[in-house]
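A.B. asks: Just need the whole structure built from these sequences, with the hints factored in.
Those protein sequences? They're chains A and B, same order as listed.
First residue of the first sequence? That's 1 in the numbering used here, and the numbers climb one at a time after it.
First residue of the second sequence? That's 1 in the numbering used here, and the numbers climb one at a time after it.
No wet-lab data here; the hints were simulated from the structure.
One or more of the hints may lead you astray.
[Unchecked claim] Listed next, the stretches of chain A that the computed footprint assigns to chain B, with coverage defined by at least 3 CB atoms under 8 Å from CB atoms of chain B:
1. 23 to 33
2. 69 to 82
3. 91 to 102
4. 107 to 121
[As the list claims (entries may be wrong)] For the chain A half of the interface with chain B, some residues (derived, Cβ under 10 Å), not all of them:
5. G16
6. A63
7. C66
8. T188
Cβ coordinates follow ideal geometry from the N, Cα and C atoms, glycine included.
There are 2 protein chains.
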Amino acid sequence: MQMLKDRIVKDGQVIGTEIVKVDCFLNHQIDVDLVSEIGKEFAARFADLPINKILTIESSGIALACATAMHMGNLPVVFAKKAAPNTMTDGYYYTEVTSFTKKAVYTVIVSKKYLSEQDNILIIDDFLAYGEAAFGLIDLTKQAGAAVCGFGAAVEKAFQGGGDKLRKEGYRVESLSVIASIEDDHITFRE
Amino acid sequence: MQMLKDRIVKDGQVIGTEIVKVDCFLNHQIDVDLVSEIGKEFAARFADLPINKILTIESSGIALACATAMHMGNLPVVFAKKAAPNTMTDGYYYTEVTSFTKKAVYTVIVSKKYLSEQDNILIIDDFLAYGEAAFGLIDLTKQAGAAVCGFGAAVEKAFQGGGDKLRKEGYRVESLSVIASIEDDHITFRE
Chain A
1 MQMLKDRIVK
11 DGQVIGTEIV
21 KVDCFLNHQI
31 DVDLVSEIGK
41 EFAARFADLP
51 INKILTIESS
61 GIALACATAM
71 HMGNLPVVFA
81 KKAAPNTMTD
91 GYYYTEVTSF
101 TKKAVYTVIV
111 SKKYLSEQDN
121 ILIIDDFLAY
131 GEAAFGLIDL
141 TKQAGAAVCG
151 FGAAVEKAFQ
161 GGGDKLRKEG
171 YRVESLSVIA
181 SIEDDHITFR
191 E
Chain B
1 MQMLKDRIVK
11 DGQVIGTEIV
21 KVDCFLNHQI
31 DVDLVSEIGK
41 EFAARFADLP
51 INKILTIESS
61 GIALACATAM
71 HMGNLPVVFA
81 KKAAPNTMTD
91 GYYYTEVTSF
101 TKKAVYTVIV
111 SKKYLSEQDN
121 ILIIDDFLAY
131 GEAAFGLIDL
141 TKQAGAAVCG
151 FGAAVEKAFQ
161 GGGDKLRKEG
171 YRVESLSVIA
181 SIEDDHITFR
191 E
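C.D. replies: In structure tokens, the structure reads:
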């Protein structure tokens, strides 16, 4: 998605060789016009699938998931919540996710009321890096007996391998920008 | 806003005399059609003010803030982030917020890059109860030298006093549903 790649180049803040911060338009300050365009793009890319619900994880995924849901005929959105490890989880599906960025393990929960075996889930998130959050959300979906139709990320950091790991396991992954490498403050996208 | 009040009566889950959970359509599962209507209503109610930015707090405020921003000509949204108390806050405005529901104190931060003295801020949140989060967001706004134009809440629990405290201090408050009391599983709205 050229509009997003241009914006990352223009306003993304590169830190070292592994991090690009997009918090001026995606995950602290939000450009709702861009977010709506991203939602439209996800909706188009997944239009062939019988998706009935969007799953994401708080907080940065929420705006993108809602925009996608709006462009897919107002589907319901469910956002998984982060909780401290070993939180009481009665009535919830839960899983553990390791955050490499924050060097922490947290528990992610979804109420059993909002995922069921009738659901065909599209998972949406802002970043796809090592894939830890993605596999956590897939785990929650599987616990509910729901089907994972696909995974959509605004920014995939290909060099961290999560996207290709998902593809290798047979998941449909659509990333709107795929960063191959970050070197000397320069971002190279994979075509 | 009748549509919201009807939905609270239909799908809200009353717990005791102080809590109504709306997590099946607002803050865990999200009905994006309702959220868009809420955004439209906030936009109409605050249309007379020179608002240039929407401020909210993660996670439940994000969808509402984005919907409002879209209906106000794609204004930027900034969401304050919750952090552990005494988090390193270099480059951030920060304040302490007490959560009565969770019986915890947390630090709330906003990057100094995204609030400035040029800003006329509309604060949006899902709930207005004791007003702790609202006053925390006002504090962040004041630290930046920005103006608070108003405060919009989807659900105000009038019996917890936060809304009237804000009004008494001269803030413009627009709540789309105002709960006067919860008794015997029955919600009474203030007209």
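A.B. asks: Go through the numbered hints given earlier and state which of them the structure violates, listing their numbers in rising order.
C.D. replies: Hints 3, 5 and 8 not satisfied by this model.
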